[in-house]
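Mind the numbering: the sequence shown is residues 0 to 289 in numbering that gives the first Met the number 0, read in order.
Read the hints as simulated data drawn from the structure, not as lab findings.
The beta carbon of each residue, even a glycine, is placed where N, CA and C say it ideally should be.
Please note: incorrect hints may appear among the correct ones.
Claimed, not checked - Label-pair distances were calculated between CB atoms; the ranges are:
{"no.": "1", "residue 1": "Asp178", "residue 2": "Ser270", "range": "15 to 25 Å"}
{"no.": "2", "residue 1": "Glu68", "residue 2": "Ser266", "range": "35 to 45 Å"}
{"no.": "3", "residue 1": "Tyr125", "residue 2": "Asp208", "range": "49 to 59 Å"}
{"no.": "4", "residue 1": "Glu54", "residue 2": "Phe107", "range": "49 to 59 Å"}
{"no.": "5", "residue 1": "Leu11", "residue 2": "Asp145", "range": "27 to 37 Å"}
{"no.": "6", "residue 1": "Glu151", "residue 2": "Asp200", "range": "19 to 29 Å"}
{"no.": "7", "residue 1": "Val288", "residue 2": "Asn195", "range": "25 to 35 Å"}
{"no.": "8", "residue 1": "Val159", "residue 2": "Ile102", "range": "46 to 56 Å"}
{"no.": "9", "residue 1": "Arg5", "residue 2": "Glu281", "range": "21 to 31 Å"}
{"no.": "10", "residue 1": "Ile102", "residue 2": "Lys141", "range": "35 to 45 Å"}
Claimed, not checked - For lysine to any residue, the following SDA-like pairs were computed, each having C-alpha atoms within a straight-line distance of at most 20 Å:
{"no.": "11", "residue 1": "Lys12", "residue 2": "Lys34"}
{"no.": "12", "residue 1": "Lys33", "residue 2": "Ile84"}
{"no.": "13", "residue 1": "Lys12", "residue 2": "Lys74"}
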Amino acid sequence: MFRFYRLTLSSLKDFAKLNERRINYNSLNKDFFKKYNEGGFISRFFLRREVFLIEFNDKLCSYIWLSLEGLRLYKIKALYVDEYILSNEQDKKELFLFIKNTILKNKFCKLKINPKDSINNHIKKYISSSSSELMELYYYYKKELDIASLNENIVIRKFVIKQDEELRCYIQNICFHSDGNNIINASDVRYEERTNSFVKDGLVFAQVDNKDIGFGQYIMNGYVPYIVNVCVLPEYQNLGAGKKIVIFILQLIKKHGYNIAKLKVESNNKSALNLYLDIGFEIVSEECVI
0 MFRFYRLTLS SLKDFAKLNE RRINYNSLNK DFFKKYNEGG FISRFFLRRE
50 VFLIEFNDKL CSYIWLSLEG LRLYKIKALY VDEYILSNEQ DKKELFLFIK
100 NTILKNKFCK LKINPKDSIN NHIKKYISSS SSELMELYYY YKKELDIASL
150 NENIVIRKFV IKQDEELRCY IQNICFHSDG NNIINASDVR YEERTNSFVK
200 DGLVFAQVDN KDIGFGQYIM NGYVPYIVNV CVLPEYQNLG AGKKIVIFIL
250 QLIKKHGYNI AKLKVESNNK SALNLYLDIG FEIVSEECVI
């Protein structure tokens, strides 16, 4: 029989043992005590209120750490299940149903998982209403980039500041905002060019017969390069322009002294996901909504 209760001062010691084992189940689980030990009395009180401990037959077996992100939207910072529950298929199934129906009831929750971890299969199997929204992929430069297979008829050229802003907007708006909503304009691009994340020579166009048909760039997220806004005009897709844009940007990133590149892609964008996997990116996290 399962039951849950909120974390209290008296249960901190037992909870700490589960927190120490958190990455054995989901390597992306956050460390509760890293934040807890930095806070004062009031902040610690509210942090404890975010953690739900779960017992099975009076033995602590699981916990979930939730934080409010918006109206009826929560972020799961950590979800751990102990090994003795995972070893029994029926107990495992009942635990996830218990979490869904008693703790997550009427809440939309976002959770980051590593596809290589046990939690990945359990969430998708036992919480059937879960859906994947966003994947984060890393490129580690383990081997030389495959440039031999690239379409030679596609030419890559650099973006020219104070000249190509309108063209960039045109291509991105057709590819990303064909419904006319949230379109970008040149002033939006010029504002971006003044931000710390902007990389002056990190933007490129793809050309066919001297016509610009695609765009892509990388920006800096702190000290990490992120590839963003890769797009190709619909009538020129499936020619290999997207692949050539991404590989050229990866070459730029390496030239600028970085040994890793990152990007995010919507999970339902199968063509883009397959492209990145084919180039050599690896999925490191998946954001699920449950």
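Now for the hints, and whether the structure bears them out:
1. Asp178 x Ser270: 15 to 25 Å: 19 Å, holds
2. Glu68 x Ser266: 35 to 45 Å: Violated, at about 19 Å.
3. Tyr125 x Asp208: 49 to 59 Å: 53 Å, holds
4. Glu54 x Phe107: 49 to 59 Å: For phenylalanine 107 against glutamate 54, whose Cβ atoms are near 26 Å apart, the range 49 to 59 Å is violated.
5. Leu11 x Asp145: 27 to 37 Å: About 52 Å separates the Cβ atoms of leucine 11 and aspartate 145, which means 27 to 37 Å is violated.
6. Glu151 x Asp200: 19 to 29 Å: 23 Å, holds
7. Val288 x Asn195: 25 to 35 Å: This hint holds: roughly 31 Å between Cβ atoms.
8. Val159 x Ile102: 46 to 56 Å: 54 Å, holds
9. Arg5 x Glu281: 21 to 31 Å: Violated: the Cβ-Cβ distance is about 37 Å, outside 21 to 31 Å.
10. Ile102 x Lys141: 35 to 45 Å: 41 Å, holds
11. Lys12 x Lys34: 16 Å, holds
12. Lys33 x Ile84: 26 Å, violated
13. Lys12 x Lys74: Violated - the C-alpha atoms of lysine 74 and lysine 12 are around 24 Å apart, more than 20 Å.
Checked against the numbered hints listed earlier, the structure breaks hints 2, 4, 5, 9, 12, 13; every other hint is satisfied.
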